[in-house]
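Number of protein chains: 2
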Amino acid sequence: MPAFFAPSMGRLIEELSKLPGIGSKSAQRLALHLVKRSEEDVRSLAEALMDAKSSVQHCSVCSNLTDADPCEICSDENRRRDLVCVVEDPSDVVAMERTRDYDGLYHVLHGLISPMDGVGPDELRIRSLLDRVRQEGVEEVILATDPTVEGEATAMYLARILRPLGISVSRIARGLPEGGDLDYADEATLSRALQGRYPVESD
Amino acid sequence: MPAFFAPSMGRLIEELSKLPGIGSKSAQRLALHLVKRSEEDVRSLAEALMDAKSSVQHCSVCSNLTDADPCEICSDENRRRDLVCVVEDPSDVVAMERTRDYDGLYHVLHGLISPMDGVGPDELRIRSLLDRVRQEGVEEVILATDPTVEGEATAMYLARILRPLGISVSRIARGLPEGGDLDYADEATLSRALQGRYPVESD
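Heads up: the sequence lines are chains L and B, in that order. If you read the first sequence in our numbering, its first letter stands for residue 76, the second for the next number, and so on. If you read the second sequence in our numbering, its first letter stands for residue 76, the second for the next number, and so on.
Source of the hints: derived by calculation from the structure; they are not laboratory data. There could be a bad hint or two in this list.
Any copy, or any two copies together, can satisfy a pair, since identical chains are not distinguished.
To be verified - Straight-line Cα separation of at most 20 Å, EDC-like style, residue types lysine to aspartate or glutamate; simulated pairs:
{"id": "1", "residue 1": "K111", "residue 2": "E122"}
{"id": "2", "residue 1": "K93", "residue 2": "D206"}
{"id": "3", "residue 1": "K111", "residue 2": "E89"}
{"id": "4", "residue 1": "K93", "residue 2": "D176"}
{"id": "5", "residue 1": "K93", "residue 2": "E122"}
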């Protein structure tokens, strides 16, 4: 299809359609939009691309993406250093930070254990997590992987290897989402909510 | 939200979310994907962006996007020069070319008449269409704007100003889409299909 476009457009469409979630139709629409934008705007996007690629690295402590090593969170003196929240990837750190309810550190696994996809424990940042727990006075590890088959398997694996180290290991709660509707909840979520019920204090 | 990311990631996410159809969540996902790609891949995308922006121009004849002026289609000796198909934008030229059923030239309006959006005839490439018809031996103009309110209004406007020039003016047919299902066709489409019925020759 790009053959019907000017060569430079064809190449741009081809490059854009390599991005995840961008089909050839969206790539075409994006390319047509981009050539209408000012040269300054396009340069700004191109530079942001190159700049992110060359600046971003993994934090040597928590493996989160960062421009400086250690990352801003690991070097923040106001955070508790005895609490580590384990997540699948950098966007999960963003989700946790958005709650403004967590003041510990993170550990980014960069994936979940998934035998189907050939991802075992050695492909994830698990050894560095164990080193942190052993050497840096960590007292609690919160397992905050997704409540999916892979997330659960990864959490169970980590719990098994972390517990012998004599620290608390916890898992984020499952249940009805805030503002959710009992009627529309799936059975698994509702079962979880029931199992996880907690006593209500009367005044 | 980008505040929770490394600065260079934040800037990339911000730039990506300026694109049409890319919300902050998709921009985040794209950015995380891009920093995982090789530097060569990212450079290739950045260069395609800058290159398309600097090379692509409007053809001085038909206003389609092109790297060379006049465009490949306008300078193709094998195409009929007496037939011009008027479309809204460059992606419509691609759609027409994909049929491999059209061997005339094009004229790209770069928009449709839409009083609601403040787009009148003067904002479109209509004057250059009239000049072509007057000066270049055009015998038929096919109005191939979308079968929408704006597309129809634009086609009617063009028909009114083109007819006095003594040429044939036609409009692409409306009806059931090929492979379509009568059951599922909306009333307007079905009405059009009924109005546009044609005699079937018996052998």
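Structure-based check of each hint:
For the homomeric pair K111 and E122, the shortest alpha-carbon distances inside one copy (18 Å) and between copies (17 Å) are both at most 20 Å. For a Cα distance limit of 20 Å, the shortest separation of K93 from D206 qualifies neither inside one copy, at 37 Å, nor across copies, at 41 Å. Within a single copy, K111 and E89 get their C-alpha atoms as close as 18 Å, and across copies as close as 19 Å, so both meet the 20 Å cut-off. Taking the shortest Cα distances, K93 and D176 never come within 20 Å of each other, neither inside one copy (37 Å) nor across copies (30 Å).
In this assembly of identical chains, K93 and E122 lie within 20 Å of each other by CA distance both inside one copy and across copies; the values are 19 Å within and 15 Å between.
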